[in-house]
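Chains as they are written, first to last, in the numbering used here: chain A, -9 to 500; chain B, 17 to 396.
Simulated from the structure, these hints should not be mistaken for lab results. Treat the hints with care, as some may be off.
Quick list of in silico lysine-lysine cross-link-like pairs, BS3-like style, CA-CA up to 25 Å [said to hold, decoys possible]:
{"no.": "1", "chain 1": "A", "residue 1": "Lys392", "chain 2": "B", "residue 2": "Lys244"}
{"no.": "2", "chain 1": "A", "residue 1": "Lys359", "chain 2": "B", "residue 2": "Lys244"}
{"no.": "3", "chain 1": "A", "residue 1": "Lys20", "chain 2": "A", "residue 2": "Lys214"}
{"no.": "4", "chain 1": "A", "residue 1": "Lys190", "chain 2": "A", "residue 2": "Lys238"}
{"no.": "5", "chain 1": "A", "residue 1": "Lys57", "chain 2": "A", "residue 2": "Lys178"}
{"no.": "6", "chain 1": "A", "residue 1": "Lys20", "chain 2": "A", "residue 2": "Lys57"}
Just so it is clear, the structure is predicted and the values come from calculations on it, not from any experiment.
If you want the building blocks of each chain, they are given just below.
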Amino acid sequence: MADSAITLTGINKSFGAVRANRDIHLDVAKGTIHGIIGENGAGKSTLMSILYGFYQADSGEINIDGKPTTIHTPNDAIAAGIGMVHQHFMLVENFSVLENIILGAEGAALLAGGVAKARAELERLEREYGLEVDPDAIIEELPVGLQQRVEILKALFRGAEILILDEPTGVLTPAEADHLFRILQQLKEQGKTIILITHKLREIMAVTDDVSVMRQGQMVATRKTSETTVEELAELMVGRRVLLRVEKDPPNPGEFKLSVKGLTVRDSRGVVMVDDVSLDVRAGEIVGIAGVAGNGQSELIEAIAGISAAESGQIMLEGKPINLTDGADAAELRGRGLAHVPEDRHHMGLVLPFEENENAILGYQDDPKYLNGPFLNIDAIRADADARIKEFDIRPADSRLKTANFSGGNQQKIVLGREMGRDPSVLIVGQPTRGVDVGAIEFIHKRIIEMRDAGKAVLLVSVELDEIRSLSDRILVMFAGKIVGERDPEASEGELGLLMAGIDDQEAAA
Amino acid sequence: MSVPYSKLPGWAEYGLIPLINLVVAFVVAGLVVLLVGESPLEAAILLVKGAFGSGEGIGFTLYYATNFIFSGLAVAVAFHCGLFNIGGEGQAYIGGLGVAIVALSFDSYLPWWVIFPLAIIGSALTGALWALIPAWLQAKRGSHIVITTIMFNFIAASLMVYLLVDVFKPAGQMAPETRVFAEGAQLPRLDWLLEMFGFTIRYAPFNISFLLALVAGVLVWLLIWRTKLGYEIRTMGHSPSAARYAGINQTRTIIITMMISGGLAGMMALNPIMGAQFRMQLDFVTGAGFVGIAVALMGRSHPVGIIPAAILFGMLYQGGAEIAFEMPNISRDMIVIIQGLVILFAGALEHLFRPTVINIFSRLSRSPGPDAATSAEGGR
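Please work from the sequences and hints to get the whole structure.
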């Protein structure tokens, strides 16, 4: 058995009455890749934040390289050789790679000396670990995969021996993710220790040596990856057996409910985000749009849902055209039977400081059912919200509770309940299970398929390729604002991955 | 990664924290008083006695509070929509125009109970119109409402100087003010209200616009929490993107909210013009519009908080005048410093002591139950 890089003993951390970490024991062997999985809210991020000095544990001990270490601030963590690659990159977008890397370690008041030294050191790191990046490139001009590489270099530059990666593949294509895993393997061979936090079981199986499972603030199990299975890990995460595969009958498509022709959308800077997109969704089918985040999917569904204006094109909802130029008729479209589960429930789908029942009418506030003249009919609103809570098993079952106090999965159920509960004819769903725990994913997937079977036209956008593949009846792949191909759900992941990376349709098929 | 803030019980959130802020403000103010060589304790006694020690003192305190309730509600309504209306001062000033025009036109023919509603409409309308331009610029052009409303305060001040000197001033009079209104435009005082509690009002200009302010507080509560418009305003205020998602017309909501806010600020003018001086004078707002910002912050933009906060500031105004009168070392400017400290601690540094209080509470209420860690990192 190798030496331990990190040993955590009896870590406890509470936020008010909530115990985010309870008596955590963790042992990470030196020179290994150690995965930590768990549902949202299981306490993974809290534990890593304690390790990186964002929070301090209420009690417990941290040993780095066998030495007891106190970590009060991220600087202490860096001094102890811990580096962190955050899920949302902590880079200054308009700085060069080199400038970002020396940020916080500039050396002296005058930059020149530090920059020269950093350039030499950076070159050495790049050679040693095969992490090539142009040191003078501007961050915002780099693809996401390279930006992540800069984050890793930044940690290595600070002398990190232990790297923590928090959900590193969320923004990557399958190919970029594979590349990242090769880099991680290489770092491991050089003797670095890596902690990988993720909720994707497949990644755990592919790349880690050991895996620890967290549930409800506790560390419930640690396994050798080679001695466990996806099914066992999923069960450990959720605490019960989970159906990982989605079961559904073949589709029974009916008439066209939603037709998009030649849709072009520019953003506020005038950049074309959606480029001449045409698609049809029929009653009783799920059309999935696959693609790496940021390739125009968000703009596409926002234009269809009437949230932002389009430049040109035509959209027909149940055979009748939608006004595309004036963006503010989302309410009117709802009236015409178009329901929309937005990609970003925190900023769009919900108003977090509102009570649950207030969010249950968001977008439907014009419905006369909820109004008494200019006044809100509070009783009707709450009665309706309570019924939805029951129907969608939203917990806690309290429509007066602030929405921010619900977990991610239950927040998503609030949105789904609102949008599915009114018998729409077309349902647009963006990232239905982002930040949602495994148990709720199963429920949400089942509901989406039920909508399809009830004859609704469903347009699904997700960056989770697995989700697209298991739910969709047809898959459209979007790249750089264009639909670059249509595939069956049976298409291989590699084929879809190539399309997502913009490799030409014919080439991919060949 | 969210910062998990556990919630405080209501009484601590709305009672304890403002109280701590207030106490600290007074302690620091006390140090200032000590510095100029007076006794802080004596000053405190003078302050409270001046504000609440006599019927006249109470009358003056509530008279000032009336101004602050209006301007505080004005700031609060805009705040619920995510708009920081700094222009209450100018909107109130221009609101005076509506009052003065109604009063000067009808004061010799109509009784006060006919003129009062007309003047309410006049003041609300002119105040609302003064807020309309910044609102339109914000909604259509994205010009920041803070900047434009501040600018409109200056424009209002200059405009009113011109109007008072060149239009409203009767010929042959030196002071830049309108003529004194006839009895029809003089609001009845609330002497009976104080007499119910055994006080005599004497010369205090405490008048029925105080009751109007209380009614406005109830209406603002109804508007914000019980109407569809209020729902839309709050949605906008918390999350403009959610409002867009919900199909709420943002331009319309911004403009209507700012007009309501401006209208409330404009109604403030009723109190000094028809309730106290019976004429419109230069600079009659005297900073009440700005105090409204502090009142709204301290009152958490809720009428139930705004009314006591307004009375507190009324006390500072009235009791402060008393201190300045009784303690020769403490000038009027010292009082402004003390008021500034209250604004600083109650408004700007509102969250200074919150983390400590939260810590103490969580330590007291830690229950080792099997509760899940669900909300600790639920949002990201």
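Run the distance test for Lys20 (chain A) versus Lys214 (chain A): straight-line Cα separation, threshold 25 Å.
holds, 15 Å
Pairwise hint evaluation, Lys244 (chain B) against Lys392 (chain A), where the allowed Cα distance is 25 Å at most
holds, 19 Å
Lys190 (chain A) and Lys238 (chain A): Cα distance at most 25 Å?
Roughly 22 Å separates the two Cα atoms, so the pair holds.
Taking 25 Å as the top limit, are the C-alpha atoms of Lys20 (chain A) and Lys57 (chain A) close enough?
holds, 14 Å
Please verify whether Lys57 (chain A) and Lys178 (chain A) have alpha carbons no more than 25 Å apart.
It holds: about 21 Å lies between the C-alpha atoms, which stays within 25 Å.
Given the hinted pair Lys359 (chain A) and Lys244 (chain B), is their alpha-carbon gap at most 25 Å?
holds, 12 Å
Checked against the numbered hints listed earlier, the structure breaks none of them; every hint is satisfied.
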